[in-house]
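Assemble the complex: chain A is given as a structure, and chain B must be docked to it using the hints.
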Amino acid sequence: MRAPDTSEILLQVEGVSLAFGGVRALRDVSFDIRRGEIRAIIGPNGAGKTSMLNVINGFYHPNHGAITFKGRTRAQMQPYEASRGGIARTFQNVALFKGMSALDNIMAGRTLKMRRGLLWQMLRYGPALAEEIEHRHRVEEIIDFLEIEAIRKVPVARLPYGLQKRVELGRALAMEPDLLLLDEPMAGMNLEEKEDMSRFIIDVNNYYGTTIALIEHDMAVVMDLSHRVAVLDHGVKIADGTPDEVKKNQAVIDAYLGVAH
Amino acid sequence: MAIGGPFDTFPKLLLRNAAQFGSRPAFRHKDLGIWQTWTWAQVAEIVRAYAAGLQRLGLQPGDTIAIVGSNRPKLYWTMMAAQTLRAIPVPVYSDAVADELAYVLAHADVKFVAAQDQEQVDKILSVSDRVPHLHKIVYDEPRGLDDYDHSRLTAIHDVIEDGRSALAADAALGGQIDEFIWQGDGSDISIILYTSGTTGTSKGVMLSARRCIDAATDTTRFDRLTEDDVVFAYLPLAWVGDHYLNYAQGLVAGFCMACPESGETIEQDRREIGPTFYFAPPRGFEAMLTRVMIRMEDAAAIKRSMFNYFLGIARRHGESILTGKPVPLSGRLLYALGRLMVYEPVKNVLGLSRVRVAYTAGEAIGPDLFAFYRSIGLNLKQLYGQTEAFLYVTCQPDGEIYSDTVGPAAPNVDIRIAESGEVQFRSPGMFVGYFKDQAKTAEAMTSDGYVKTGDAGFFDEKTGHLKIIDRAKDVGRLADGTIFAPKYLENKLKFFPNIKEVVVYGDSREFVCAILNIDPAAVANWAERNNIAYGSYQELAGHPLVYDMVAKDVAAVNRSLAEEKVMASAQIRRFLILHKQLDADDGELTRTLKVRRGFVAERYAPLITALYDGSHEADISTEVTFEDGRKGVIAARVKIRDLQPVGTTEPLGKAA
Chain A
1 MRAPDTSEIL LQVEGVSLAF GGVRALRDVS FDIRRGEIRA IIGPNGAGKT SMLNVINGFY
61 HPNHGAITFK GRTRAQMQPY EASRGGIART FQNVALFKGM SALDNIMAGR TLKMRRGLLW
121 QMLRYGPALA EEIEHRHRVE EIIDFLEIEA IRKVPVARLP YGLQKRVELG RALAMEPDLL
181 LLDEPMAGMN LEEKEDMSRF IIDVNNYYGT TIALIEHDMA VVMDLSHRVA VLDHGVKIAD
241 GTPDEVKKNQ AVIDAYLGVA H
Chain B
1 MAIGGPFDTF PKLLLRNAAQ FGSRPAFRHK DLGIWQTWTW AQVAEIVRAY AAGLQRLGLQ
61 PGDTIAIVGS NRPKLYWTMM AAQTLRAIPV PVYSDAVADE LAYVLAHADV KFVAAQDQEQ
121 VDKILSVSDR VPHLHKIVYD EPRGLDDYDH SRLTAIHDVI EDGRSALAAD AALGGQIDEF
181 IWQGDGSDIS IILYTSGTTG TSKGVMLSAR RCIDAATDTT RFDRLTEDDV VFAYLPLAWV
241 GDHYLNYAQG LVAGFCMACP ESGETIEQDR REIGPTFYFA PPRGFEAMLT RVMIRMEDAA
301 AIKRSMFNYF LGIARRHGES ILTGKPVPLS GRLLYALGRL MVYEPVKNVL GLSRVRVAYT
361 AGEAIGPDLF AFYRSIGLNL KQLYGQTEAF LYVTCQPDGE IYSDTVGPAA PNVDIRIAES
421 GEVQFRSPGM FVGYFKDQAK TAEAMTSDGY VKTGDAGFFD EKTGHLKIID RAKDVGRLAD
481 GTIFAPKYLE NKLKFFPNIK EVVVYGDSRE FVCAILNIDP AAVANWAERN NIAYGSYQEL
541 AGHPLVYDMV AKDVAAVNRS LAEEKVMASA QIRRFLILHK QLDADDGELT RTLKVRRGFV
601 AERYAPLITA LYDGSHEADI STEVTFEDGR KGVIAARVKI RDLQPVGTTE PLGKAA
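Protein chains in written order, with the working numbering: chain A, 1 to 261; chain B, 1 to 656.
Read the hints as simulated data drawn from the structure, not as lab findings. The model shown is predicted, which means the values in this text are computed figures rather than measured ones. One thing to keep in mind: the hints can contain errors.
In silico DSS-like pairs for lysine-lysine, Cα to Cα no more than 27 Å straight-line [what the hints assert, rightly or not]: (1) 248/A to 194/A; (2) 347/B to 153/A; (3) 594/B to 473/B; (4) 153/A to 30/B; (5) 462/B to 494/B; (6) 565/B to 462/B; (7) 153/A to 303/B; (8) 440/B to 594/B; (9) 494/B to 565/B.
Bound conformation, chain A alone (with noise of 0.2 Å):
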């Protein structure tokens, strides 16, 4: 795989701590992302690799550390600044709107790029027809570029798990974002949606050029894709590195198989 071209960073994340109550989900975290790159974030169960991706999208707010996203530090931040900010995510679970057509659903992704109000497109008139006419036009690339043409129309309800999961990537893709954060893209598929949504998350790197950080369960998947791996267990970050040093690391070996006590 083809390494990013800058080692700048794009996300920066200082000795984040995060707790629920009694529960410590993280630890005295800190790691950076840089822009270009594949970054995946990797951990057995409840290690915090979600909890991760929620602070960083400002869905939870860190009690301890800070943030530096494009070079502005911060210490809270709200979901719908987070991407107006340029960071979309994918959802564990699909969050899709079910009785959408894939291509609404997609279109609902350039909701932020749209700037007339909702009286203009209702009337679908003039500057908002202009303006749907070039939305729809991106939302068709995205189609194209993700090979989903055959069911533009149909409701996501009525669409195999693989193809809901694309239309999802699909939706964070229309807001062009800097940062896109894809939680556990390749749950529950199988080994041939895994092999097609892993090239799509390569092309989406190379061709748009999208910083991306994922978490994901599947070590082959991790290793093949990312250009860089954190490894985080029980809140704390015990590893980090490219991932053939992610995988000779001892610490990492414990975590994943456990250790004799």
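Chain B only, in chain A's frame:
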């Protein structure tokens, strides 16, 4: 027979169309969700620029250029641009695996390849060391190809742009291209189509421009196709059907070819385009019907009964109305109501509303399937043809349609039945020869210039139409001398929904026996409705009630055979239902799912012995390959059922 007049090559026709129908659509392609249209004038301009670009890349007259991909305007334009330069396009099946691709590319000495996308480019690059003359690859879709070494790789878009600017800069170049076009001769090889290779290695069928155009001119007249027609170009580029029905007829008649967005959107795209001329193999029509039927099963009871009622009306009167036979007034009125409520909506859903002429060919079509489409008012007809004929050998004229014939000879085609029963023909579009294969060419021709089809057939006495019964080499004789055409019998049986696969034996035997596979979906459905419990396919296949049901189907086939003088003695006397499905993984079927009769006979030799020695059951154990590649053995005791032949008083054969 200079019907094409001065227009004896495709580039000349393109210029004629640009002058005559300049502003009419020539190509449509759905891209980014929108149908893009190119007029004949635009296409002529693009092809000219493309040809100039290809010439600058080094394409010479007589060179071959392979075309690998699905139906894209740019790939069709590649054919036109190559023909403009008097080079020869060689379309290749886009799903060919690397080895097959390497064989064709090397055999055809291709210097250029036009590929659709990264997938095809990868395949070509992987075999490029086996293609010694390969000079350049041009491609349509750039996605994923950015990082590739571009020393031998160019986007078609760039070739066209390059040609366009070269033409603008140098007026002499334009003159040169025109020169090429007007020098082009009807005897030029306009295309090489490789046969699919089901009967051995694939052969390159060379067709000449004038013959292609003469043949296409005949059939466009036959079906009255004009520039107002629209075809949906979804058939494989490398198949003679696409090149003939869409490309050649399109250029001759000046109609529009609409290319689908992708392989998966064909259904929707067909609906949006609404073609007026349509071709599909029988399984294509079958799949469409199945979709409608499944949806009707789920419909509300009132809709379902309306659907069934009007289909009944259609069965009684539809065919007669379509062929213009007398129908009572009440029938006409009910049929008109049915059109409004059922037939037109069904056709609309399938995208067939505007179809004026539809053809099917390639294999035998089930009489019920054929009758269904005709009864709802679709002018579906059959044709018989092959690559060597540039498609048409026979076709059914409007009003003379039978499900079990392929029609009389197409215009200007001579057909004769050889002593051996083989169909032989001479046709306007017939091929010039196999590329680089004099011996095979000589083998395929008779000394007096007829082409041997390799198919056995006869002219039906009632209709005067040709009936194809089987591949000539598969046709045998029973011990009493009766013609034994296995495929003919097998097809008759396979038209029953309960029967999925059949192998019949009888060559040099005293009577005909059959080994059957039941259709698991259809029979399981029947079992569920009738409360028949079973644990496995094997158990279901051996169930006495299943045997009873299948016996009725076989008896029905015997009755229909009894009506045909030539075939009456080839009735099926004994049959058995096999305990497992025939499978390509076990080598029993080819990859295109055709039965390998000889192999099956060898593998199930004990069963065949039992069929002929009169026993009522037989034991068999066979090795099977599971989906994950493991091997295992299944053993079974298979029962054999006897049948009384129809129309004879003779007691059950001597063997029983």
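Okay, the hints, checked on the actual structure:
1. For the given pair, residue 248/A sits about 25 Å from residue 194/A by alpha-carbon distance, which is consistent with the 27 Å threshold.
2. Restraint check for residue 347/B and residue 153/A: the C-alpha separation of about 21 Å stays at or below 27 Å, so the hint holds.
3. In summary, the hint linking residue 594/B to residue 473/B is supported, as the alpha carbons are separated by about 15 Å, within the 27 Å threshold.
4. Straight-line distance between C-alpha atoms of residue 153/A and residue 30/B comes to about 15 Å, which keeps the hinted pair within the 27 Å bound.
5. Restraint check: the Cα-Cα separation between residue 462/B and residue 494/B comes to about 25 Å, which is no more than 27 Å; the hinted pair holds.
6. Using a Cα cut-off of 27 Å, the hinted pair residue 565/B and residue 462/B holds, with the two alpha carbons roughly 12 Å apart.
7. A hinted pair counts as satisfied when its Cα atoms are at most 27 Å apart, and residue 153/A with residue 303/B qualifies at roughly 25 Å.
8. The straight-line distance between the Cα atoms of residue 440/B and residue 594/B is roughly 24 Å, inside the 27 Å bound, and the hint therefore holds.
9. Straight-line distance between C-alpha atoms of residue 494/B and residue 565/B comes to about 22 Å, which keeps the hinted pair within the 27 Å bound.
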